[in-house]
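Q: Make the full structure from the sequences, and use the hints.
What follows is each chain in one-letter form.
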Amino acid sequence: GENVEQHPSTLSVQEGDSAVIKCTYSDSASNYFPWYKQELGKRPQLIIDIRSNVGEKKDQRIAVTLNKTAKHFSLHITETQPEDSAVYFCAASNKERTGTASKLTFGTGTRLQVTL
Amino acid sequence: NAGVTQTPKFQVLKTGQSMTLQCAQDMNHEYMSWYRQDPGMGLRLIHYSVGAGITDQGEVPNGYNVSRSTTEDFPLRLLSAAPSQTSVYFCASSTRTEAFFGQGTRLTVV
Numbered sequence: 001g002e003n004v005e006q007h008p009s010t011l012s013v014q015e016g017d018s019a020v021i022k023c024t025y026s027d028s029a030s031n032y033f034p035w036y037k038q039e040l041g042k043r044p045q046l047i048i049d050i051r052s053n054v055g056e057k058k059d060q061r062i063a064v065t066l067n068k069t070a071k072h073f074s075l076h077i078t079e080t081q082p083e084d085s086a087v088y089f090c091a092a093s094n095k096e097r098t099g100t101a102s103k104l105t106f107g108t109g110t111r112l113q114v115t116l
Numbered sequence: 001n002a003g004v005t006q007t008p009k010f011q012v013l014k015t016g017q018s019m020t021l022q023c024a025q026d027m028n029h030e031y032m033s034w035y036r037q038d039p040g041m042g043l044r045l046i047h048y049s050v051g052a053g054i055t056d057q058g059e060v061p062n063g064y065n066v067s068r069s070t071t072e073d074f075p076l077r078l079l080s081a082a083p084s085q086t087s088v089y090f091c092a093s094s095t096r097t098e099a100f101f102g103q104g105t106r107l108t109v110v
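Order-wise, the sequence lines are chains C and Y.
Quick note on the numbering used here: the first sequence kicks off at 1 and runs consecutively.
Quick note on the numbering used here: the second sequence kicks off at 1 and runs consecutively.
It is worth saying that the hints were derived from the structure and are not from the lab.
Glycine is no exception: its CB is placed at the ideal position from the N, C-alpha and C atoms.
Check before you lean on any hint, since a few could be wrong.
Unchecked claim - Across the chosen pairs, the derived CB separations fall in these ranges:
hint	chain 1	residue 1	chain 2	residue 2	range
1	Y	G16	C	T10	31 to 39 Å
2	Y	G51	C	G55	28 to 36 Å
3	Y	R106	C	Q113	48 to 56 Å
4	Y	G63	C	K58	27 to 35 Å
5	Y	S69	C	R51	30 to 38 Å
6	Y	G3	C	K71	30 to 38 Å
7	C	K71	Y	T7	34 to 42 Å
8	Y	A2	C	G41	27 to 35 Å
9	Y	T20	C	A70	41 to 49 Å
To be verified - Here are the computed lysine to aspartate or glutamate pairs in the EDC-like style, where the Cα-Cα straight-line distance is at most 16 Å:
hint	chain 1	residue 1	chain 2	residue 2
10	C	K37	Y	E98
11	C	K37	C	E2
12	C	K68	C	D49
13	C	K42	C	D84
14	C	K71	C	D17
15	C	K42	Y	D38
A: Quick look at the structure:
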């Protein structure tokens, strides 16, 4: 089955700096890579995703890059703000195999702290 | 439109007891799933369903049963609770492109 590794486990940045979280996956058939943000005591929420036919996707201060050859993808947050502090999870799935974004294999999470 | 609703929010069980975690969605999604979240381990898939009457095992199915008699409901049953099942459980309802999570159930087995 799929295995997703995520690094670092914790990340502390100053407000305004950039943050980068990296994930690698093992199943070359995976083709859907979402990122979820989970605030303390809350549910995970999708912040951005990328499909295997795209190398990069941006949404305001958030971007995700995908390298299919190396089987890794990264989340980039620019101009970080205190409200970006949360745990971020990457995930991978083969949507054609499962037909759904529901059968996801998650990384172990990165706790991001943005300090003033 | 409530999205995904899980009950209860908190539960304490004694070892060997059984219980059902409830999950309901009002978005008419075909796909639903259950995950457990443990410190340092992310979310791990327990069971999932691609439609009413169809379920399949995920990564960590042992000790759990599911059924999907309607599109809206996807209950998770613990047959004989063990301390290793202490965790936060999330139900998710999905389109092909996004999973929507419930607020979670924090379960403690003593």
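Q: Next, verify each hint and record whether it holds.
A: Right, here's what the structure says about each hint:
Look at G16/Y against T10/C: about 37 Å separates their beta carbons, and that is inside 31 to 39 Å. For the pair G51/Y and G55/C, the supplied restraint of 28 to 36 Å holds, since their beta-carbon distance comes to about 33 Å. Against the hinted window of 48 to 56 Å, the Cβ-Cβ separation of R106/Y and Q113/C comes to about 23 Å, which falls outside the hint. At about 42 Å, the CB distance of G63/Y to K58/C disagrees with the hint of 27 to 35 Å.
Checking the proposed 30 to 38 Å range against S69/Y and R51/C shows it holds: the Cβ atoms sit about 33 Å from each other. Remark: the range hint 30 to 38 Å for G3/Y to K71/C is upheld by a beta-carbon distance near 33 Å. At about 39 Å, the CB distance of K71/C to T7/Y agrees with the hint of 34 to 42 Å. The given range of 27 to 35 Å is broken by A2/Y and G41/C, whose C-beta atoms sit roughly 19 Å from each other.
Between T20/Y and A70/C the beta carbons are some 44 Å apart, a value that agrees with the proposed interval 41 to 49 Å. Restraint check: the Cα-Cα separation between K37/C and E98/Y comes to about 13 Å, which is no more than 16 Å; the hinted pair holds. Our distance criterion of 16 Å between C-alpha atoms is broken by K37/C and E2/C, whose separation comes to about 21 Å. Only pairs whose Cα atoms come within 16 Å are accepted, and K68/C paired with D49/C is accepted, the gap being roughly 15 Å.
With a CA separation close to 14 Å, the supplied pair K42/C and D84/C stays within the 16 Å bound. Using a Cα cut-off of 16 Å, the hinted pair K71/C and D17/C is violated, with the two alpha carbons roughly 27 Å apart. Simply put, K42/C and D38/Y have alpha-carbon atoms about 14 Å apart, close enough for the 16 Å limit, and the pair holds.
When each numbered hint is compared with the structure, violations occur for hints 3, 4, 8, 11, 14.
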